[in-house]
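Keeping their order, the protein sequence lines are chains A and B.
If you want my numbering, it's the 1-based position in the first sequence plus 725.
If you want my numbering, it's the 1-based position in the second sequence plus 57.
Note that these hints are calculated values from the structure, not bench results.
Incorrect hints may appear among the rest.
Said to hold, decoys possible - Covered by chain A, per the in silico footprint, the following chain B stretches (three or more residues, Cβ under 8 angstroms):
no.	segment
1	161-167
2	222-235
3	324-338
4	386-395
Values in this document were obtained by computation on a predicted structure and should not be read as measured data.
C-beta atoms are modelled at their ideal positions from N, C-alpha and C, and glycine is treated no differently.
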Amino acid sequence: MSHSSPRRPARGSSLRSATIGAPPRRRSLEARGLWLIAVLAGLAVLCALSVSIGTRAVGWQEIWAGLGGATDTIGEAAVAKRVPRTLLAALAGAALGLSGAVMQGVTRNPLADPGILGVNMGAALAVVLGIAWFGMVSFTAYIWVAVAGAALTVAFVYAIASVGPGGATPLKLALSGVATSVAFSSFITGVVLPRNDIAGGVRSWQIGGVGGASFAGITEVLPVLFAGFVLSLLSAKRLNSLALGDELAAGLGERVALARATSAAGAVLLCGATTAICGPIGFVGLAVPHLCRLLVGIDHRWLLPFSALVGAGLLIAADVLGRVVARPSEMDVGIITAFLGAPIFIWIVRRQRIRAL
Amino acid sequence: MTAAPSLTGTTADWVALGRRRRDGRRRTVAWGLGALLLGLFALTLMLGQSFIPPGDVLRVMLGQDVPVASFTVGTLRLPRATLSVVAGLSFGMGGAAFQTMLRNPLASPDIIGISFGASAAAVIGIVFFGLSGGAVSTFAIAAGLGVALLIYGLSFKGGGAGARLILIGIGMASMLESVIAYALQKASSWSHAEAMRWLAGSVNGATWGEILPAALALVLFGGVLLTRARDLETLRLGDDAAAALGVRVAWTRITVLVTAVGMIAFATAAAGPIAFVAFLSGPIAARITGPGRSLLIPAALTGAVLVLLADYVGQFALPSRYPVGVVTGALGAPYLVWLIARSNSGGGAS
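Bound conformation, chain A alone:
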């Protein structure tokens, strides 16, 4: 079954083509540089749109004044609120895009994504337990608990998926992630249901959103995100070796287990911290790396920074879209990304040669 459309084996190892989905393509430095400029320009435009477009229409003068920190008129105050929101969307998007790219590299699995793997739900469960049972209130505690929950969930899901012959195939990884998510969300319901005092807060946090952004919150999460960015970006070369397969990577002098662990740690820091501050936002980590591979190819030294930039742009765009489509109210960014991301996911699945069951 499912060998219905055999693809021509790509240049290079067959493993690599199976992992990445698209045949490896050489990219000239020039083309990559041009794409980099284009992506940066797009990001700048989106940032500008994000501070100027919103539920409330504002004029140019109010935008300038608001950016300067003035909050005298309602319009200026609205603009001043949009600045941290844009910053948070950019950071969260970059973190999710990058962690998705790293996870896909580490697991050599085109469907790896913090949402699909149940990592977001694991972080959410940890935070909910912390609030409900340990009376956790400090935001710093949220972040670390969420990161710990994310890390445990990654290990759990990966262990379930590795059961049985064939190891952690894309299919089994996705299934075990979803099953874990369902179980965790039942636990969350079970914990929250008898606690009316915390139910409202948890519910609004469970849909990912960047609406409540503040500079104070961003400052809290920044060190964790920074550590995650550094670890992830430094793992680019290791991921390139890992893409060749464990044996070959070991033969090239890579310490495979160590490379896996450090890369995964970076990815977990990123998506755990993002979930702590924004709530679970799905599909950015899945769609962005695939898009970036089309732009710059499969070299992780280019792919990782690009995923971060494109992720930031995508989340800002989704946030702006969410403010516009449901005027006069807003639609949370987590809902928008699911609507943009799920069709991309289905498209990836349809063009991919799926391993037989």
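Chain A is already provided as a structure; the job is to place chain B on it using the hints.
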């Protein structure tokens, strides 16, 4: 059991003996599960906030008017227990059918999003169109079947592949989940409570009007599904082998899909998506019955036992009352851990 063939017996004799033994075990297990289900059913009618003696229960069921018991048993407990059984049977059988068809113990309809269409439609109907009762059910059933067929259609690309069906189902599920989240966010507090009750999966406040369509669907779709049990088992060998053995693979798959989803959609319309019953029943039944033929009937019985037990636990055994779906959902986690623990026995979750 018949005596073992003599030492000079051929391999065929030994195979036949093994088959007889397994069939015998399967029959014993099925009867045992049925008896357990009946016993639990009777117990949940008697036990609760107040104890009703078996004699009174029996008289109520025969239609006599008994003070107190008529209300407690006739109006509260009997519909509740009946809905638990009907929903459990439907989820259990539908789930096992999917797991067998897709050859993956994790691929039950509640995991791969086949049944999410019904949930999303019901929530939209409640929140945006102010529907209630039968209208919600009709809407949910139509949408459940529609989404399942859409997933099947999208996965059909020069012969539908099981793996692609699962993954597209997962993608579709997360999209529908965000529809549900959005609807809940927009809901007024009354319809929010109504929608949450529905989503959590609950047999609380069951009425005969809700139970009847689900029971009819169970009989109709379940009957059709059982006639396909043999082909379904043959599909376990792989699509190519099954086709070589004379099974019309695509036809079997679409029949199983429609009947299983139909059954589950009707049960979902009545009781809400009770988490993990479809997911857990098949593997538990397989564990009890051992290898053999079709799992559909043992899985259905296991599902009913699960829902009855979980509902009782959710009502009385925990510090606060939980809808049945929360209890069954929490049961899923230990099962997943057990899957890992069993890993070295091999051959499991492939």
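To see whether the hints hold, each was checked on the structure:
Evaluation of the coverage hint for the segment 161-167 of chain B: fulfilled, as 4 residues show C-beta separations to chain A shorter than 8 angstroms, against a requirement of three. Counting residues of the segment 222-235 of chain B whose beta carbon lies closer than 8 angstroms to any beta carbon of chain A gives 11, which reaches the threshold of three, so the coverage claim holds. With 3 residues having a Cβ less than 8 angstroms from any Cβ of chain A, the segment 324-338 of chain B passes the three-residue criterion, so the hint holds. Counting residues of the segment 386-395 of chain B whose beta-carbon sits less than 8 angstroms from any beta-carbon of chain A gives 5, enough to reach three: the coverage restraint holds.
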